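> Single-letter residue listing:
Number of protein chains: 2
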Amino acid sequence: MTQDKPLKGVRVLDMTRVLAGPYCTMMLANLGADVIKVERPEVGDDARSFGPFFEDGEESAYFASLNSGKRSIELNLKDEKDIQTFKELIKKVDVVAENFRPGTMEKLGLGYETLKEINPEIIYAATSGFGHSGPDSKKAAYDMIVQAASGVMSITGYPDGPPVRVGVSVGDIVAGMFTASGILAALYQRTITGEGQKVDVSMLDGQVAILENAIARYMVDGEAPKPLGAKHPSITPFQAFEAKDGWFVIAAGNDTLWAKLCQAIEREDLIDDSRFKTNADRSDNIDELNEVLGEELAKKTVDEWVEIIDNHGVPTSPINSIDDLFDYPQIEARNMLVGLDDYEDDMVVAGNPIKMTNVPEEDSKPRAPKLGEHTEEVIEELLDGDKPKIEAV
Amino acid sequence: MTQDKPLKGVRVLDMTRVLAGPYCTMMLANLGADVIKVERPEVGDDARSFGPFFEDGEESAYFASLNSGKRSIELNLKDEKDIQTFKELIKKVDVVAENFRPGTMEKLGLGYETLKEINPEIIYAATSGFGHSGPDSKKAAYDMIVQAASGVMSITGYPDGPPVRVGVSVGDIVAGMFTASGILAALYQRTITGEGQKVDVSMLDGQVAILENAIARYMVDGEAPKPLGAKHPSITPFQAFEAKDGWFVIAAGNDTLWAKLCQAIEREDLIDDSRFKTNADRSDNIDELNEVLGEELAKKTVDEWVEIIDNHGVPTSPINSIDDLFDYPQIEARNMLVGLDDYEDDMVVAGNPIKMTNVPEEDSKPRAPKLGEHTEEVIEELLDGDKPKIEAV
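Listed in order, the protein sequences are those of chains Y and P.
To convert, count from 1 in the first sequence and add 4; that's my numbering.
To convert, count from 1 in the second sequence and add 4; that's my numbering.
None of these hints come from the bench; they were simulated from the model.
Only true hints are included.
Because identical chains share one entry, a pair is satisfied inside a single copy or across any pair of copies.
25 Å max Cα-Cα, derived DSS-like pairs, lysine-lysine: (1) 120 <-> 12; (2) 82 <-> 96; (3) 264 <-> 143; (4) 143 <-> 304.
The structure displayed is predicted, hence computed values, not measured ones.
Isolated chain Y (complex conformation):
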C-alpha cells in the first residue's frame, strides 16, 4: 500500500498573503504538496508583521499558524530579472495561487492568460474579496465586510441586539477552503485532459454558499431569517442554558432525548406534562419550559451537569474556551493541537482535520519558513541554480 501523502509531487507556487490564500495553500501542504511561497524581499507576507509575536518577538504567531510546512523564496516582482525567474518557475510547477485584488497579477504582467502561455498545464487559483467578475470585483474586502454583506452577520447574535461578527474569520477561511477544493478538482481533471484551468473563488460567494437553509427558509416564509442567539429555530430544548457557574449547551433533538433529559435532571414528571409532550408543544411553550429548566439547571455546575446529562445519552457540551481544548482527550486523540517543529510546545497550532489513510498522524507539524529561507535551495532544485541574482536588485 502506498504510504505517500496524496499530493506528493504536486508543486504550488504560492503568491498568497495574510489569511484566505495561505489557509488554502496550508491545506495543500498538509496533504503533501510542495508549497513554495513567493515573498517580497525583506518584507515578505504582511502577516509576518501581525502580532502577537513569539521567539523573543522574532516570529509572528499569526504567520506561524498559517504557513506550516511551506518553503519561502524571495522574489521582487517589479524587477525584470526576478520576473524572468518567476516565469521559469511557472514552467516547473502545477499550481499558482494568489489572493491579490483582481487585476494585480495582470499589472505585474503575470495574469492567467500570460502564465497559461508559458505553461498550458498550469492551474491558476485566485481567491479574492468579491471575485474576478462583476461590478464590485475590484473592491477590497475584509472578513468583517463579507460577513456583513453576505447576510451571515444578519442571522448571528440576538434579536434586537447589536450585530455580532462570527469570532473566527469564516469570511477568509471558507473562501480558502473552497479554493482548495477547486484546485484539487482541477488537478484531478488535468490527469485526464492534460490541461490546466483557472479557479476563481470570492469571499462573498463563499459566505453566500454557507447560508444554505437560511436562503431556503426565506424562499418559503418570505421573511428574512433573524438571529436566534444560541437556540435552534425549531427544535426545543436545543440551546444554551445557564448552570450555577456558567453556560453550557443541551441538544435534545427528539422526544426520546427529551425524556432522557427529564430523567437526567430528575424531573420525570415533565415527560408527561401536556405543555411539553411533543417538540411542537415544547416549542410553543418555550418560555415556560425555559423557566422550569432554568430553575433546575441553576442547581449544579456546568461540569456536574455535562457529566450527568452526557451519561444519560443526551448531547451536551460545556462552552469550551481555547484553553480548555488543551485538556480535551478527544482533541488530543485526534492530534488536533500539535506543536510546530523547532518550537515544540511553545507554539501549538491546529492539526490537520482531513484524516486520510495515506496522511500519517503526526504529533507535530513543520514550522513556517523564515523569509527567503529556501531561495537558493528552490532555485537550485527547480532551475539548476540558474537564477538572475537577487542581490543586484
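Given the coordinates of chain Y, assemble chain P onto it according to the supplied hints.
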C-alpha cells in the same frame, strides 16, 4: 479546450443524510460528479421531513437546497438482496460517502474493510461528529454541540453577554467541505497509485481547524481569547456602527483609510487629532473615538453612509439580510442565487462558489431528486438491470 466539468465520470454512492455529508456530496455534484443518493425505502433522507416545505407542502426546502443535481435510489440496507445490490454498485463507483455515527456501516456489514475487499480502488469518506477514533468517537453531535465544544462559541458574541451560536451551521458545513477536499485529494492520488483510501473528517476537528489565530494568540498571551462583538481585536476603527436607521460596518484597516474615512464624514480635523493619529492611538482611545464617530454616523442613514464612505474608498457594508441578497448586483453577476430547475423562481438556492474555467456558469441548478426517482435508471445503467427486486422486501 475541454469543456467537461472537472469530475465528469466520477461516480459517488452517497449514503449521507441531513447536512454535513449532503453538503460535501453537493459540492462534488456541482463539480460534475454523478452522485447517487442511497435512501431508505419510503422514508429517505431525514431532511426530506424538515420544514419549511414548498410545492404545496410536498417538498422540503431544506432538502432541496442540499441535494441539487443528485440521483436517488431506494435500498433497504437491512434486506439481504438490497445489500447485495449495494455491494454490486460498490464495484461500479469511485467514492462512497457516509455520515453515520462511527460503527454503523460496520453493523450493516458495509464497513471500509469490507468495501475495500469488493473494490480496492474505492474511496471511502466518512464525516462524523467526533471522528472515527478517540474516546468520544461514538458520541452523537449536532452543530451546536461542536460549536460549543470547539471553542468557536467562546469567541463569538459580546464579552459578558450570553453565548451566541454562529447563525450558519459551520459545524456541519465546514466538516462537509473538509471531507470534499479529502475525497478530491484521494481521487487525484488514485490516478497515480490505483489505490483507494479512507477519509475521516469530524465536525469537532473541523471547528478546531478554523480557530486558527485564536490558538496562536492563546499560545503567546497565555489567556483564552474572548468574544469581541463585532470589532477587530487590534485594528481601529474596524467594527459595526449605528447609523440613523440601523447598523453597518466600517473597516479602516490602516492610517490612509482612516484619513479617507475622516474626509468621508467631513471631519478632517480628526486626522491630526493626537488621540487618533496612529492605529495604536485609535485603539488606545477607542471609547473616545467611538463617541465622536457615533455622533457623526447617527446623522445619516445606512444607505447614505455606505455610499459616501464607499465612494471615498474605505471598505464598508450594510449588514445585509437574506432578502437584501436578492437585490445585490455583485451576487447576481456571480450567479450566487440560482433557481432550481422545475421550480424556477419558487425555490432559489446558493450557487456554486467554486468558479472554474470548465464549470460553466448557469442561472439555474438541477433540482433535488424525488425519493427513489432514479432507482430503475441507475440499476439499469450500472448493473444492466440485474437487480434483486426491491418490491419483494
